[in-house]
Structures are given as structure tokens and as C-alpha cells.
Amino acid sequence: MKTQLLIAAALAGTAGAFSVSNDQTARRKFLQTTAATLATGTLLTPTLAFAEVEVPAQSTEYTYPTDFGLTYNYESDAAKVRSHMVIATGLAKGSDRMEDFGKALKKEMIDFVSYYRRFPQVAGKPSFSTLYTSINVLAGHYTSYGYKYPLPEKRRKRLYQEYAEIDKSLKRNR
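With mature numbering (1 follows the signal peptide of the UniProt record, and there is no 0) as the guide, the letters of the sequence shown map in order to residues -17 to -1, 1 to 157.
Misleading hints may appear alongside valid ones.
[Claimed, not checked] Under the rule of at most 16 Å between Cα atoms (straight-line distance), these lysine to aspartate or glutamate pairs were calculated in the EDC-like manner:
(1) Lys63 / Asp94
(2) Lys86 / Glu58
(3) Lys137 / Glu35
(4) Lys131 / Asp50
(5) Lys63 / Asp150
(6) Lys108 / Asp60
(7) Lys63 / Asp79
(8) Lys108 / Glu136
(9) Lys131 / Asp94
(10) Lys140 / Glu35
(11) Lys151 / Glu58
(12) Lys154 / Glu58
(13) Lys89 / Asp60
(14) Lys90 / Asp50
(15) Lys76 / Glu44
(16) Lys89 / Asp50
(17) Lys131 / Asp60
(18) Lys108 / Glu58
(19) Lys140 / Asp50
(20) Lys76 / Glu136
(21) Lys90 / Asp60
(22) Lys154 / Asp60
(23) Lys108 / Glu148
(24) Lys151 / Glu44
(25) Lys137 / Glu37
(26) Lys131 / Asp79
None of these hints come from the bench; they were simulated from the model.
Work out the full structure, taking the sequences as your base and the hints as a guide.
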């Protein structure tokens, strides 16, 4: 909406340029004004890529999953990896078996990416690319900070947005 208003304002400022037909100066003025507007970046303001997602509070209470590993069916494996990642993202410091869970999840994430990125029909899906991105974020966190430390709030928010997008894509078989 903001971008549309800025475009309208930019065009309103050059509306006089359209009243004179075939006038070189009017065209130059329009082009200069438009170029200046583009150069300042007002028309290129980034929009929010993800919908606002409610980030649940971190908790030490969770059910430790027993279904780690791949079934080699993309839809079920992607949903399983996503659900395990959602659990990991919500864990608070001091959660029971947090380190074991993180190690098992990282192995599962690496196995998932290693197996499915070889298939072009899967690697081209939006759900795979978004899941791949979120796997990199979570695996990077584990590599940098270890398995005992929870994710910072900003990273958690981004991951929950990506999880919502993955879920939508999987429901559409994309």
C-alpha cells in the first residue's frame, strides 16, 4: 500500500508533464523526476515477505520425539522434519534432554537435505527451498552456539514465519 501511495505521489508531481503533448522539455522533466524518485529508492521500498506469525513463548516442557529418521517419502519427511524443528525452536534453556534432541535433529536435517537435494523435481519445490533455508538457520545456530542454548527471539520469529510458509506449501503439494 505504501509503495502504491509513493508511486501515485511521484506521478502526481509529474502530472503537468502529460498536459503538454509532444514537448521535449516536458518529457525530460518527467524522466528526470522519475529517475530521481527511483534513485532515492522510494519506489523500491521492501515489503513484508511473510505474514505476521505469533511466536509462542519458550518452554521446557515437550514430548521427546521417537520418530527420527527418513521414510524416503518427501511429503511425510518434510512434515516430520518441520515438526521436529518447531519443537526445537520453542525449547527454553534447561529443557530436559535438549542436547540429545538437538544432536538427533541436526543429523535428521543433514540426512534430509543430503538425500532430497539430489532430485530436481523435489529441489525445485517452494517447500523444499524454504525448509532448506530454515535448516541452514537452525543447523548454523547449533554449530555456533551448541545444543544447550535456545534460539534468540529474532531468529525464532523468522523461523516460525518460515515454518508457516512451509506448511502452506506442503498443503498445496508444492
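Hint by hint, here is what the structure shows:
1. Between the alpha carbons of Lys63 and Asp94 the distance comes to roughly 13 Å, so the proposed pair stays at or under 16 Å and holds.
2. Among the hinted pairs, Lys86 with Glu58 is inconsistent with the structure: their alpha-carbon atoms are about 23 Å apart, more than 16 Å.
3. Restraint check: the Cα-Cα separation between Lys137 and Glu35 comes to about 13 Å, which is no more than 16 Å; the hinted pair holds.
4. Proposed proximity of Lys131 and Asp50 is contradicted: the alpha carbons are some 21 Å apart, above 16 Å.
5. Between the alpha carbons of Lys63 and Asp150 the distance comes to roughly 11 Å, so the proposed pair stays at or under 16 Å and holds.
6. A C-alpha spacing of about 14 Å is found between Lys108 and Asp60, which places the hinted pair at or below 16 Å, so the restraint holds.
7. For the hint pairing Lys63 with Asp79, the CA-to-CA distance comes to about 21 Å; that exceeds 16 Å, so the pair is violated.
8. At most 16 Å may separate the alpha-carbon atoms for a hinted pair to count; Lys108 and Glu136 exceed this at roughly 28 Å.
9. At most 16 Å may separate the alpha-carbon atoms for a hinted pair to count; Lys131 and Asp94 exceed this at roughly 22 Å.
10. A C-alpha spacing of about 9 Å is found between Lys140 and Glu35, which places the hinted pair at or below 16 Å, so the restraint holds.
11. Among the hinted pairs, Lys151 with Glu58 is consistent with the structure: their alpha-carbon atoms are about 12 Å apart, no more than 16 Å.
12. A threshold of 16 Å between alpha carbons decides the hint, and for Lys154 with Glu58 the separation of about 9 Å falls inside it, so the pair holds.
13. A threshold of 16 Å between alpha carbons decides the hint, and for Lys89 with Asp60 the separation of about 14 Å falls inside it, so the pair holds.
14. Using a Cα cut-off of 16 Å, the hinted pair Lys90 and Asp50 holds, with the two alpha carbons roughly 13 Å apart.
15. A distance of roughly 11 Å separates the Cα atoms of Lys76 and Glu44; the hinted pair therefore holds under the 16 Å criterion.
16. With a C-alpha separation of about 14 Å, the suggested pair Lys89 and Asp50 falls inside the 16 Å cut-off, and the hint holds.
17. Proposed proximity of Lys131 and Asp60 is contradicted: the alpha carbons are some 25 Å apart, above 16 Å.
18. For a cut-off of 16 Å, the pair hint linking Lys108 to Glu58 stands: about 11 Å separates their Cα positions.
19. For the hint linking Lys140 to Asp50, the alpha-carbon distance of about 26 Å lies beyond 16 Å, and the restraint is violated.
20. Between Lys76 and Glu136 the CA atoms are separated by roughly 13 Å; this keeps the pair inside 16 Å, and the hint holds.
21. Distance check on the hinted pair: Lys90 and Asp60 sit about 13 Å apart at the alpha-carbon level, within 16 Å; holds.
22. With a CA separation close to 14 Å, the supplied pair Lys154 and Asp60 stays within the 16 Å bound.
23. A hinted pair counts as satisfied when its Cα atoms are at most 16 Å apart, and Lys108 with Glu148 qualifies at roughly 12 Å.
24. For the given pair, Lys151 sits about 27 Å from Glu44 by alpha-carbon distance, which is inconsistent with the 16 Å threshold.
25. As the CA atoms of Lys137 and Glu37 are separated by approximately 12 Å, the hinted pair is consistent with the 16 Å bound.
26. The suggested pairing of Lys131 with Asp79 holds, with an alpha-carbon distance near 10 Å, which does not exceed 16 Å.
Checked against the numbered hints above, the structure violates hints 2, 4, 7, 8, 9, 17, 19 and 24; every other hint is satisfied.
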